[in-house]
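In order, the protein sequences belong to chains A and B. Using our numbering, the first residue of the first sequence is number 1, and each one after it goes up by one. Using our numbering, the first residue of the second sequence is number 1, and each one after it goes up by one.
Calculated directly from the structure, the hints in this document are not laboratory data. The reader is advised that the hints may include incorrect statements.
Stated by the list, open to error - To be clear about the criterion: a stretch of chain B counts as covered by chain A if any three or more of its residues have a C-beta under 8 Å from a C-beta of chain A, and this derived list gives those stretches:
id	segment
1	82-88
2	134-141
3	268-280
4	315-329
5	467-476
The model shown is predicted, which means the values in this text are computed figures rather than measured ones. From the three backbone atoms N, C-alpha and C, an ideal C-beta is built for every residue, glycine too.
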Amino acid sequence: MVEKRKIRVLVAKPGTDSHYRGAELVAQILRNAGMEVVYTGRYQTSEMIVSTAIAEDVDVVALSSLAWSQEKYYTEIAKMLKDKGTGILVVGGGIISEKAKPKLLKAGVTGLYGPGTPYEVIISHIKDRVEKERWGTAPKKAAPKKTATKKSSSKKC
Amino acid sequence: MAKKEENVITFDRSKRTFVKPTTESGFEVKPSYGPDDIKGVDYKRDLGNDGEYPYARGIYKGMYRNMLWVSAQALTRETAEKSRKDRKVTWEAGADTIYLSSGDVNRTGCDPDHPLAKYDAGYCPEQFSWRRLESDLKGIDITTAIITFHGASSQQDDVLCVSQLATIADMWGVDKKLIRGSCINDPISNAATGFSVDFPLDIGRRLNGDLTAFVCREMPKFSAFAPIAYDLWEAGCNSVQQLGIIMSSVSAYCQEAIDRGIPFEAVGGRVTISIASSLDFFETVCKLRAARRMWARIARERFGAKEDKVCRLRIAVRTPGQTITRQQPLNNIARIGFQALAAIIGGCNAMDYARHDEAFCIPSEESSIITLALNHIIAQETGVGLTADPLGGSYYVEWLTNKLEEEAFKLMKEIESIGGIWTVAQNGWLRKYVNAARDQRLSGLADGSIPQVGVNFFRLPDAKEPDIVEYEFKDFDKTQAALFKEVRDYKANRDIKKTRAALLKLREKAKTKENLIYCIVECFKADATRSEILGMIREAFGYSYDTVGMIERPKFLN
Chain A
1 MVEKRKIRVL VAKPGTDSHY RGAELVAQIL RNAGMEVVYT GRYQTSEMIV
51 STAIAEDVDV VALSSLAWSQ EKYYTEIAKM LKDKGTGILV VGGGIISEKA
101 KPKLLKAGVT GLYGPGTPYE VIISHIKDRV EKERWGTAPK KAAPKKTATK
151 KSSSKKC
Chain B
1 MAKKEENVIT FDRSKRTFVK PTTESGFEVK PSYGPDDIKG VDYKRDLGND
51 GEYPYARGIY KGMYRNMLWV SAQALTRETA EKSRKDRKVT WEAGADTIYL
101 SSGDVNRTGC DPDHPLAKYD AGYCPEQFSW RRLESDLKGI DITTAIITFH
151 GASSQQDDVL CVSQLATIAD MWGVDKKLIR GSCINDPISN AATGFSVDFP
201 LDIGRRLNGD LTAFVCREMP KFSAFAPIAY DLWEAGCNSV QQLGIIMSSV
251 SAYCQEAIDR GIPFEAVGGR VTISIASSLD FFETVCKLRA ARRMWARIAR
301 ERFGAKEDKV CRLRIAVRTP GQTITRQQPL NNIARIGFQA LAAIIGGCNA
351 MDYARHDEAF CIPSEESSII TLALNHIIAQ ETGVGLTADP LGGSYYVEWL
401 TNKLEEEAFK LMKEIESIGG IWTVAQNGWL RKYVNAARDQ RLSGLADGSI
451 PQVGVNFFRL PDAKEPDIVE YEFKDFDKTQ AALFKEVRDY KANRDIKKTR
501 AALLKLREKA KTKENLIYCI VECFKADATR SEILGMIREA FGYSYDTVGM
551 IERPKFLN
């Protein structure tokens, strides 16, 4: 069996939201759990995050924002990664409203770590998803999948 | 799905002991205190009556018997109209002053048409021009209202807000000398916490001193700075660290004004700090007492204050958002209540409450009304405010007040010995120091040595989804489209030659020692926007035009 490589994660902060401690904390937690982590720093556009994710060849993009714009950014970034056929998974954290949760899940953004989430929950969620969706069923650099779901949520609301 | 939860404190119920037998600052607490613990305390020298130097017992005689603390509410909605509507609701529920928090776009120093603001613009008022602030203040008599700018974590935002206010007063023909209020204007805590864009500290220092001098001369009823130890608490600092850093900052800001020819009496007399009331009840009470005494001593001993009244420190308290949990959110109402009670027993001058739904959404109308009710319960039902400093004279309280002051002065000395507060803020020492405090708090929360009920202590795995009515941004796309159009129109319809001339003059003046606030006011009057003004100052100091390094200088300024 081929030796599994370490999970690579891009921790990214879209938009003008300045709350960086959650992002830095998650980066540290994932590093301590044996993952390779790249942190973008603040003030990133969706395009910047997507191109860094591809350049760094990551398995997961972990988005962090406490601003209301998170729903738009998270869904947009998930869509861009999907449209490019990267197979990169997206998880998100921050103050996430209960109303936004179903829309984010539909867009493929999972995790949705709010305040007080135990570290283990974050680590095992990422490991499970990567092993199942990226290394298991979905081979790396899979052909772009046509997505049937229209992202009305990224335009509306 | 009763899953085994990690990160939960193992608590031996048969023993019923405390998880943490220390104070927030890490002092071991003895099971009891007595006269031996406060040997050497001299009543007149170390406490004084309420309203007397060194003001440990409160800055006014009788404290709340004359007037209750100010109950403030941070309330920001996406449009001026909605803010006005909800402000009216909170006013009717008993809030004394209402202030608008700035949006992220303002705080970052961008105009709403910046590419980074694409999705963020419009959730909060974006005062890119003086006209925008004017529309927020419509209907308010700026000579009688108390106007608070809470550009927390972004000093340039405060500087620009006050400059816009001065612009409005000039345009309305109102005497600036009548305007009352305050702003944070604290570049050192910005550098220490990094809560906003990393704005260059050399510019921050220049604008801080210029604004103080401007305010002392032109708006003497306004407080030119109210350094924000609150941010330091949120960044992980304990009481000692907050006091040490904030007192160093207050001293530094007074010195900046003195260096610009302002007498200490003019600047020292309005000194205000903003501080967090944590859940450590007695440390919060003692922190406020220690802060007043420290400032009184600094004012007299370092700045040679001749009058006692300029040794009085006003303290605005906010209950910290970080203690608000998403788990069992109604518990937060109790937390906010205890925090406020401690601050009021400690003799604060103004209270601003977190709301119990902050871990879900921006505060709703309902949660705002609940915290105002909390305020009224403390004020009118508990009776704790009937006498000044009701815990004064308690062995434990006096011991802890002494201990906090002593340790905080030690930290101030340490900062002095390695170059002073401006140096350590500039060279990264302060940020590292604060980050170390943060790591300590985070590991305490993770390993359970800092208990949080519902999170790491008696976490209920099967807790049902909470009943929180989240604030909704209705028709937000329309609001945002209108804002983008407004920015475009504003920039297209101004007298561009006038704007250009004012901005280029600002860039030239920024290279000299002249007070920049007068020049910034002229730029606003010539319809310049915030990011253009910041861009010119940044360029004069040798930085890129854009605060986030993303866009070029607009062509009309080439």
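For each hint, the structure was consulted:
| no. | hint | verdict |
| --- | --- | --- |
| 1 | 82-88 | violated (count 0) |
| 2 | 134-141 | violated (count 0) |
| 3 | 268-280 | violated (count 0) |
| 4 | 315-329 | holds (count 4) |
| 5 | 467-476 | holds (count 5) |
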